[in-house]
Amino acid sequence: MQNEIVLEAPLTINWAINNSCNFACRHCYSRTDTHEEIPRDVLLACLEKVAKAGVFSVNFGGGEPLLHSGLLEIARHASGLGLRVSMNSNGWLIDRETARALRDAGFTKVGISIDSHISEIHDQFRGVAGSHGRAVAALGHLAEAGITTSISTVICRINHTAIDDLVIFAREQRAGQLNFHNFKCSGLGLSHKDELDLTPGEWQEFYRRALAAKEREKGLDISLDDPIIALLGARDAGSLVKGSVCGKLSLNIKANGDMTPCGFIPIVIGNIVRDDLKQVWRDSPVLEKMRNKKATGKCSGCSKYEDCLGGCSARALALTGDLNSPDPHCWA
Amino acid sequence: MQTIHRNPNVMWREEADALARVQEALDRGDEVEETGTSVLFSGGVMLSLNFLGTEIWKLCDGRTMDGIVAELLPQFDVEEAVLREDVQAFLDELAAKGFITYAE
Ligand code: SF4
Chain A
0 MQNEIVLEAP
10 LTINWAINNS
20 CNFACRHCYS
30 RTDTHEEIPR
40 DVLLACLEKV
50 AKAGVFSVNF
60 GGGEPLLHSG
70 LLEIARHASG
80 LGLRVSMNSN
90 GWLIDRETAR
100 ALRDAGFTKV
110 GISIDSHISE
120 IHDQFRGVAG
130 SHGRAVAALG
140 HLAEAGITTS
150 ISTVICRINH
160 TAIDDLVIFA
170 REQRAGQLNF
180 HNFKCSGLGL
190 SHKDELDLTP
200 GEWQEFYRRA
210 LAAKEREKGL
220 DISLDDPIIA
230 LLGARDAGSL
240 VKGSVCGKLS
250 LNIKANGDMT
260 PCGFIPIVIG
270 NIVRDDLKQV
280 WRDSPVLEKM
290 RNKKATGKCS
300 GCSKYEDCLG
310 GCSARALALT
320 GDLNSPDPHC
330 WA
Chain B
0 MQTIHRNPNV
10 MWREEADALA
20 RVQEALDRGD
30 EVEETGTSVL
40 FSGGVMLSLN
50 FLGTEIWKLC
60 DGRTMDGIVA
70 ELLPQFDVEE
80 AVLREDVQAF
90 LDELAAKGFI
100 TYAE
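Chains as they are written, first to last, in numbering that gives the first Met the number 0: chain A, 0 to 331; chain B, 0 to 103.
To be clear, the hints were calculated from the coordinates, so they are not data collected in a lab.
In silico lysine-lysine, BS3-like type, Cα no more than 30 Å apart, as pairs:
#: 1; chain 1: A; residue 1: LYS213; chain 2: A; residue 2: LYS192
#: 2; chain 1: A; residue 1: LYS277; chain 2: A; residue 2: LYS48
#: 3; chain 1: A; residue 1: LYS288; chain 2: A; residue 2: LYS51
#: 4; chain 1: A; residue 1: LYS241; chain 2: A; residue 2: LYS108
#: 5; chain 1: A; residue 1: LYS277; chain 2: A; residue 2: LYS108
#: 6; chain 1: B; residue 1: LYS57; chain 2: A; residue 2: LYS51
#: 7; chain 1: A; residue 1: LYS293; chain 2: A; residue 2: LYS247
#: 8; chain 1: B; residue 1: LYS96; chain 2: A; residue 2: LYS108
#: 9; chain 1: B; residue 1: LYS57; chain 2: A; residue 2: LYS241
#: 10; chain 1: A; residue 1: LYS241; chain 2: A; residue 2: LYS51
#: 11; chain 1: A; residue 1: LYS293; chain 2: A; residue 2: LYS241
#: 12; chain 1: A; residue 1: LYS277; chain 2: A; residue 2: LYS241
#: 13; chain 1: A; residue 1: LYS192; chain 2: A; residue 2: LYS297
#: 14; chain 1: A; residue 1: LYS48; chain 2: B; residue 2: LYS57
#: 15; chain 1: A; residue 1: LYS213; chain 2: B; residue 2: LYS96
#: 16; chain 1: A; residue 1: LYS247; chain 2: A; residue 2: LYS297
#: 17; chain 1: A; residue 1: LYS303; chain 2: A; residue 2: LYS288
#: 18; chain 1: A; residue 1: LYS297; chain 2: A; residue 2: LYS241
#: 19; chain 1: A; residue 1: LYS247; chain 2: B; residue 2: LYS57
#: 20; chain 1: A; residue 1: LYS247; chain 2: A; residue 2: LYS288
#: 21; chain 1: B; residue 1: LYS57; chain 2: A; residue 2: LYS108
#: 22; chain 1: A; residue 1: LYS293; chain 2: A; residue 2: LYS192
#: 23; chain 1: A; residue 1: LYS241; chain 2: B; residue 2: LYS96
#: 24; chain 1: A; residue 1: LYS217; chain 2: B; residue 2: LYS96
#: 25; chain 1: A; residue 1: LYS108; chain 2: A; residue 2: LYS48
#: 26; chain 1: A; residue 1: LYS247; chain 2: A; residue 2: LYS51
#: 27; chain 1: A; residue 1: LYS51; chain 2: A; residue 2: LYS277
#: 28; chain 1: A; residue 1: LYS108; chain 2: A; residue 2: LYS213
#: 29; chain 1: A; residue 1: LYS241; chain 2: A; residue 2: LYS48
#: 30; chain 1: A; residue 1: LYS213; chain 2: A; residue 2: LYS303
#: 31; chain 1: A; residue 1: LYS288; chain 2: A; residue 2: LYS241
#: 32; chain 1: A; residue 1: LYS277; chain 2: B; residue 2: LYS57
#: 33; chain 1: A; residue 1: LYS293; chain 2: A; residue 2: LYS277
#: 34; chain 1: A; residue 1: LYS247; chain 2: A; residue 2: LYS108
#: 35; chain 1: B; residue 1: LYS96; chain 2: A; residue 2: LYS247
#: 36; chain 1: A; residue 1: LYS241; chain 2: A; residue 2: LYS217
#: 37; chain 1: A; residue 1: LYS277; chain 2: A; residue 2: LYS288
#: 38; chain 1: B; residue 1: LYS96; chain 2: A; residue 2: LYS303
#: 39; chain 1: A; residue 1: LYS51; chain 2: B; residue 2: LYS96
Model the full assembly from the supplied sequences, consistent with the hints where possible.
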């Protein structure tokens with residue numbers, strides 16, 4: 000009784016409710032994004048639209064969501080509408096009291112960005128002394144408040160060989176999940192690409208070791224959100240969709256309400272204040288293109304195409320101008 | 000008597016357009032088994048259910064197996080024994096995935 004289905008609305012929305020930040024990370028994708036914010040009452044009405052369309056969950060990001068003075072009210076409103084509420088934060092502003100307030104506002108899960116198990120490396124990368132210590136403390140406060148925690152690590156040159164150390168670190172911090180995000184060439188990530196991105200061969204080695212850790216570690220959910228792991232035979236029954244999830248299960252909304260397929264693809268397909276979410280989701284030519292990718296170049300002869308669908312469309316678009324191009328990280 | 004309960008952590012919805020298409024097809028007497036009309040999501044697993052699957056899922060509200068079958072029988076043109084078998088197999092699959100629980 001299970002079937003193929005064309006979803007009529009996204010399951011989840013990544014929502015940058017603001018774009019202010021107290022950090023200066025070298026890989027940030029959103030520093031160049033709009034800083035214009037939707038007025039509070041309009042934002043609350045937009046959340047109602049989203050809930051009515053059937054979206055299950057919203058994950059607040061930015062920017063640093065805790066710098067939005069209305070975060071708790073917004074989250075309370077969203078969870079009151081039946082939406083599952085989570086966020087990504089750098090952890091700087093989460094003390095015991097804030098963690099409890101987040102729980103009371105309906106947050107069930109909070110991801111903290113930590114890029115290295117070594118505090119000096121993380122602090123230098125994030126541009127703020129003491130940020131590692133406060134991120135670690137935030138994990139403790141959140142767990143104590145009963146919020147599920149995860150650690151989000153953007154894999155790049157500073158940490159790609161430290162997988163085992165990062166796993167040990169995540170265990171010590173009692174995080175439920177360790178997300179290895181693949182490096183995206185968007186925003187500052189593109190400007191610092193040469194300094195931070197890995198070669199295809201290094202990606203292969205990273206994924207080989209990360210998949211081995213995922214296999215080995217019980218009780219810690221290691222998540223790898225990259226379609227090109229199809230090359231290592233790792234995307235089969237467990238994957239929700241073929242290729243990447245952007246535009247198929249999830250959508251991104253910017254601080255000014257502009258909708259994009261994901262946070263790393265700078266193509267605006269509508270605005271949540273003005274447009275009908277289900278209609279944009281159904282009719283956007285960009286989403287249509289992402290859902291029906293065409294194999295080009297080396298993908299044409301690749302036996303993994305059916306699972307991989309050319310890998311990450313955002314990376315292909317950023318570096319070649321065509322989202323159908325083979326993922327630049329691909330080592331095939 | 001064993002009762003059947005949806006796991007409250009499962010997020011789910013019916014897809015209105017697909018449902019409308021299925022209802023039209025049913026009126027014409029067409030097959031609708033292949034068309035998903037609802038989507039369920041929990042713990043990183045996504046399921047899409049067809050019309051019958053969705054109707055069963057919606058009845059997992061603390062009823063017994065007998066209660067579910069009794070509710071569905073007038074709606075579907077099928078022998079009771081066949082329906083019972085289908086429902087049981089489907090519920091076992093949902094239970095194995097943790098989407099429902101049985102309680103005494
Ligand atoms: S060649 Fe294309 S389809 Fe094959 S693994 Fe690389 S990106 Fe994916």
